[in-house]
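Asker: One letter stands for each residue in the lines below.
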Amino acid sequence: VTDWIEACGADDIDEEDVIRFDHDGRSFAVYRSPDDEYFATDGLCTHEKVHLADGLVMGDIIECPKHNGRFNYKTGAAKGAPVCVNLRTYPVKVEAGKVFLQIA
Amino acid sequence: MAMSRGMVVIGAGECGARAALALRENGYDGPITLIGEEPHLPYERPPLSKEAIAGAEAPEIKAVAAGERLAESRIDHLSGKTVVAIDRPARTVTLAGGETVPYDKLLLATGAVPRRLPLTGSGEQMAYLRTFDDALAIRTRLAPGIRVAIVGGGFIGLELAASARKRGAAVTVIEAQPRILMRGVPKEIASVVHAEHERQGVHILSGVQIVGWGERNGRAQIIVDGGTTVGDIARGGTVEADLVVVGIGAAPVTALAESAGLTVDNGIAVDSRLRTSDENIFAAGDCCSFPMTLYGGRRVRLEAWRNAQEQGALAARNMLGAELEHTAVPWFWSDQYDFSLQIAGLADGGSSVVRRDLGAGAFILFHIAADGRLLSASGIGPGNAVARDIRLAEMLIARQARPDPSELASSDVKLKTLLAA
Chain D
1 VTDWIEACGA DDIDEEDVIR FDHDGRSFAV YRSPDDEYFA TDGLCTHEKV HLADGLVMGD
61 IIECPKHNGR FNYKTGAAKG APVCVNLRTY PVKVEAGKVF LQIA
Chain X
1 MAMSRGMVVI GAGECGARAA LALRENGYDG PITLIGEEPH LPYERPPLSK EAIAGAEAPE
61 IKAVAAGERL AESRIDHLSG KTVVAIDRPA RTVTLAGGET VPYDKLLLAT GAVPRRLPLT
121 GSGEQMAYLR TFDDALAIRT RLAPGIRVAI VGGGFIGLEL AASARKRGAA VTVIEAQPRI
181 LMRGVPKEIA SVVHAEHERQ GVHILSGVQI VGWGERNGRA QIIVDGGTTV GDIARGGTVE
241 ADLVVVGIGA APVTALAESA GLTVDNGIAV DSRLRTSDEN IFAAGDCCSF PMTLYGGRRV
301 RLEAWRNAQE QGALAARNML GAELEHTAVP WFWSDQYDFS LQIAGLADGG SSVVRRDLGA
361 GAFILFHIAA DGRLLSASGI GPGNAVARDI RLAEMLIARQ ARPDPSELAS SDVKLKTLLA
421 A
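Heads up: the sequence lines are chains D and X, in that order. Counted the way my numbering counts, the first sequence spans residues 1 to 104. Counted the way my numbering counts, the second sequence spans residues 1 to 421.
Bear in mind the hints are in silico, worked out from the structure with no lab data behind them. Careful: at least some of the hints might be erroneous.
Computed list of lysine to aspartate or glutamate pairs in EDC-like fashion (alpha-carbon distance at most 20 Å, straight line) [as the list claims (entries may be wrong)]:
no.: 1; chain 1: X; residue 1: K50; chain 2: D; residue 2: D60
no.: 2; chain 1: D; residue 1: K49; chain 2: X; residue 2: E57
no.: 3; chain 1: X; residue 1: K416; chain 2: D; residue 2: D60
no.: 4; chain 1: D; residue 1: K49; chain 2: X; residue 2: D338
no.: 5; chain 1: D; residue 1: K74; chain 2: D; residue 2: D54
Just so you have them, the derived chain X footprint on chain D, three or more residues with Cβ under 8 Å [claimed, not checked]:
no.: 6; segment: 65-77
no.: 7; segment: 86-98
All values derive from a computational prediction rather than experimental measurement. Cβ coordinates follow ideal geometry from the N, Cα and C atoms, glycine included.
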């Protein structure tokens, strides 16, 4: 019983960019990769609870806007100091121009 | 090269701890000894002026690396230990108790200490902030309604002012310079910070000299003169305070290096590979001055978290023979109230300034050299509104790019597209 939650329109995110999506008291970051795929992770950096949606997407990497903690947003893997705890990722699908997250 | 004696890092702050971890991460297999004077695990200092003071809950140390990680990395962390001497010919360091530790390569990450206010008879109301214990001491003395005077309108002072306001204290900032944030922050950005503090009820006295100090009924009496900006205190009057926190800059810790005969020049002098005048000794972070290749080799000393981190990691690699130059663009941030300020590059040069407005009051100033090179970007805004563009600007600065000023000014032009150019 996992519902797909509509997060945004596919065009709401530029290529190689990220936006914030809040749902039910939780906050997420939704990404569009340079090759036009969509991904989602928890919104807050595992280092200092800073929202990643203000960060910079470069290739497969999201950089925390404050302390340059880096994660692979496709896998959630932390990519070195100061972050050492991985980000949780969520399944994403795009249907009829809308981006859906499975956030159970 | 046989590396059996081991690597020694003196100073277990952000820089030293990052260096020790990086030695292991880069494949070094010999003994690593990390020596620090504080009793704690290596911890991050940025929260000390912010959440540690302002937070509702008593703060805990935010460790750079947990004890288990240090153990897994086989880093011997000697806490509460002071190094009293370096014997360069013998390649050993001597601890206060007389114990010696041998090294193949040594890193000095001794940091900096707050500059003291040159006043005699300073009372018990006076405090400085550098360590976690300092932050705890300040925190316990803050209570709603108490009067706090902060000497120094730099980042530490202003972050403390914001934190003390959150705790309900009445706050006066006393700054000797004509304005706050004189060092390395553009005037337009300092004005935004100033206005926000005043809006939050902080009195800022700038261009004010402290000429005397006394104590009455358990309160500090700070006698000031020469004021040009006056809150509720008359020019040449007295600021009364239950707590006085002094944040007038920091001095590099160089005594050990000096007594070992290393070159010191506004910090332990290192080359672009962070090597001191002894080929087996490196220095990194707040304690060292280094030539900044991006800015014509100008020798600078940076007191910044990210610099400490980057230089620690780079020094570790160079201790292992990598011979890498430190070329990172300086970057720092400050959080006060709901505002965040970020600066990439050195914001004190350039022949022209371009402003980029990002909405909601957020803006960035780009400083540009006569030849068109982007030298620095300074931004301020709510939350992390300026973060992404500052990061992109940092990359442009690193590439010594000459972006079109009109494109920098237009928020319709994504800075990322300029990187591709």
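Asker: Compare the structure with each hint and give your call.
Answerer: Cross-check of the supplied hints:
1. With a C-alpha separation of about 32 Å, the suggested pairing of K50 of chain X with D60 of chain D is violated against the 20 Å cut-off.
2. A distance of roughly 16 Å separates the Cα atoms of K49 of chain D and E57 of chain X; the hinted pair therefore holds under the 20 Å criterion.
3. For the hint linking K416 of chain X to D60 of chain D, the alpha-carbon distance of about 15 Å falls within 20 Å, and the restraint holds.
4. Simply put, K49 of chain D and D338 of chain X have alpha-carbon atoms about 15 Å apart, close enough for the 20 Å limit, and the pair holds.
5. Taking the CA atoms of K74 of chain D and D54 of chain D, the gap is near 17 Å; set against the 20 Å cutoff, the hint holds.
6. With a threshold of 8 Å between beta carbons, the proposed coverage of the segment 65-77 of chain D by chain X holds, since 4 of its residues qualify and at least three are required.
7. Counting residues of the segment 86-98 of chain D whose CB lies closer than 8 Å to any CB of chain X gives 0, so the stated coverage by that chain is violated, three being the minimum.
Taken one by one, the earlier hints fail for this structure at numbers 1, 7, listed in ascending order.
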